[in-house]
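Visitor: Order-wise, the sequence lines are chains V and C.
Last residue of the first sequence: 300 (our numbering), numbering continuous.
Last residue of the second sequence: 1042 (our numbering), numbering continuous.
I should point out that these hints are in silico values taken from the structure, not numbers from a laboratory.
Take every hint as true, because none was put in to throw you off.
Short derived list, chain V residues pointing at chain C, Cβ under 8 angstroms:
(1) G106
(2) G107
(3) Y108
(4) I109
(5) S213
(6) T247
(7) A252
(8) G254
(9) G255
(10) V275
(11) H279
(12) V285
This structure is a prediction, so every number in the text was calculated from the model and none was measured.
C-beta atoms are modelled at their ideal positions from N, C-alpha and C, and glycine is treated no differently.
Next come the chains, spelled out residue by residue.
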Amino acid sequence: MKLDTTGMESAAPVWGSHNELVDEFSAAPSFELPNTTDFDGFQKEAIQMVKPAKGTTTLAFIFKEGVMVAADSRASMGGYISSQSVKKIIEINPYMLGTMAGGAADCQFWHRNLGTKCRLHELANKRRISVTGASKLFANILYSYRGIGLSVGTMIAGWDETGPGLYYVDNEGGRLKGMRFSVGSGSPYAYGVLDNGYRYDMSVEEAAELARRAIYHATFRDGASGGVASVYYVGPNGWKKLSGDDVGELHYRYYPVMPSTVEQEMVEVTGA
Amino acid sequence: MSIFEYNGSALVAMVGKNCFAIASDRRLGVQLQTIATDFQRISKIHDRLFLGLSGLATDAQTLQPLSAYQRLVFRHKLYQLREERDMKPETFANLVSAILYEKRFGPYFCQPVIAGLGDEDKPFICTMDSIGAKELAKDFVVAGTASESLYGACESMFKENMEPEELFETVSQALLASVDGDCLSGWGGHVYVVTPTEVKERILKGRMD
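Bound-form chain C, shown alone:
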């Protein structure tokens, strides 16, 4: 098992009609042993921008805006003060990419998934590898130990221009189906569906094995 599979994770982000959904599993484990079933992998940068971090949990917490070592939230707040506005998702993705590449020879063992609403409420999603190589997509992005199953599930379930409710159903089904094929992720799901007017956060009931 590699270092990326030490804690286990599953992340997916999908684009809908003027909205997006980002979802993660809730397991924190140490190899095969499950330690917690309420681990937060997705954090809010601002109302229209979310960051999910898969991979090694300690590195995910270090980069996450919710932790003490808030490199990302510090940089975003500084940006907000200077520019007097929120960061665009594309800009934030560049920032994360730069921060990851700074540690090129001793990287954070994380794969981020970034999802946000940009200008004119156009949804933006992207993922990157552990040293910051961005991968933009128009439909969905996945990360984590269950990524191969997630690719398959999303590819078959995705449709263009889904409304928020249908998008929620699709993302939830794709996530739950994929983590049921993976020993290291699952134990519930956490889904955020973001539209220009509101953010809906939901917990999914899944198999707890």
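Here chain V stands alone, though its shape is the one from the complex:
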């Protein structure tokens, strides 16, 4: 009976089993080599993936009672979470909010800059600036810095004489008016929940719960979103912060852990 020696064969070649034409130097390596043109660099190339942009989730929508604005609170540097408590909803003035997505420094600086310009407008014209005007100011500033490398994906939400207003403005200089927006790497997940549950005539509580759920679902699926889901409401009297819930707790509130049914349980036998 022939013994099965497949497990004992080594990977190295045995001397003497080679073609005499092959000289000693090239006989030694016995590793499988990949067929590539760039042997030293092919692994690095395979690793290059598209860099994710704007790791965050923010959303805003207009409904019957006003504008609802919500965001997560995580800041990430590549894979590392640098903070779980970042304020991504920026208060431009008592009746206008801006959301932050993209570079934190860029958003914080330019939103404050916008606040300054809005105040100057108020002083010069003896009346508050409209949401349309504020967003246009912002978009023009960002357009003039186009190509330099700013990273700003923001929504300007507010209440002016014409009622609720919502604009999306980004670092390319784009400016869009709309009823529902979500910005950031978690936005696809937020849109899924938001678009499904949205109705124009919701109450403030229903709208707040919809916004909270949408942010929560985005934080569950998206690695770059998390921390605290903040929800703000902008009404005729200005903005008001409604809630700031830790999404870790929200998960177990929406999906409580059910004790699993025990099929077989070992019990101590006493006496017997």
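On the provided structure of chain V, position chain C as indicated by the hints.
Guide: For chain C alone, kept in the frame of chain V given last:
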């Protein structure tokens, strides 16, 4: 993001008094998107030997004994038949190292963590890089995208000669604290605490963001 960070993972193994614990996170993702929250990264070779694989999930599944392409379980079963006993952890570590080095110029993008009880119930842990360089340790080993946080957490929480219950607490706290600082791992935890008489498997409730 590198290929090792494509799926995201966190693994830690710690030594206690005649026992060891091996723990992993439960997330499987594709870059930032989370696909599953119940991914198995740790597998049992035999009752006193466990292997955890961090890094690219497809390579982890290929090497894992639970998959169809069972290089490792095949080699261990063959060993069991010939020697009529289980492999010692040190021997198994050598086997994994050799298998990884066979693919030196087209490696598996995995970092294994091996934990077992050897002769006289002495706990053994080790980790290696993707081409098989072994790193033995007396206290703890870590791997995965959250490895730097894990090093810090383990270094501060570790004590010598912990009993199994205390070891479980320590490993769980270290794992959960570290994955909370990492976008790519977490979404729960899976801990095995192994003593000479029993294996306790527990699921941890963690932040799901």
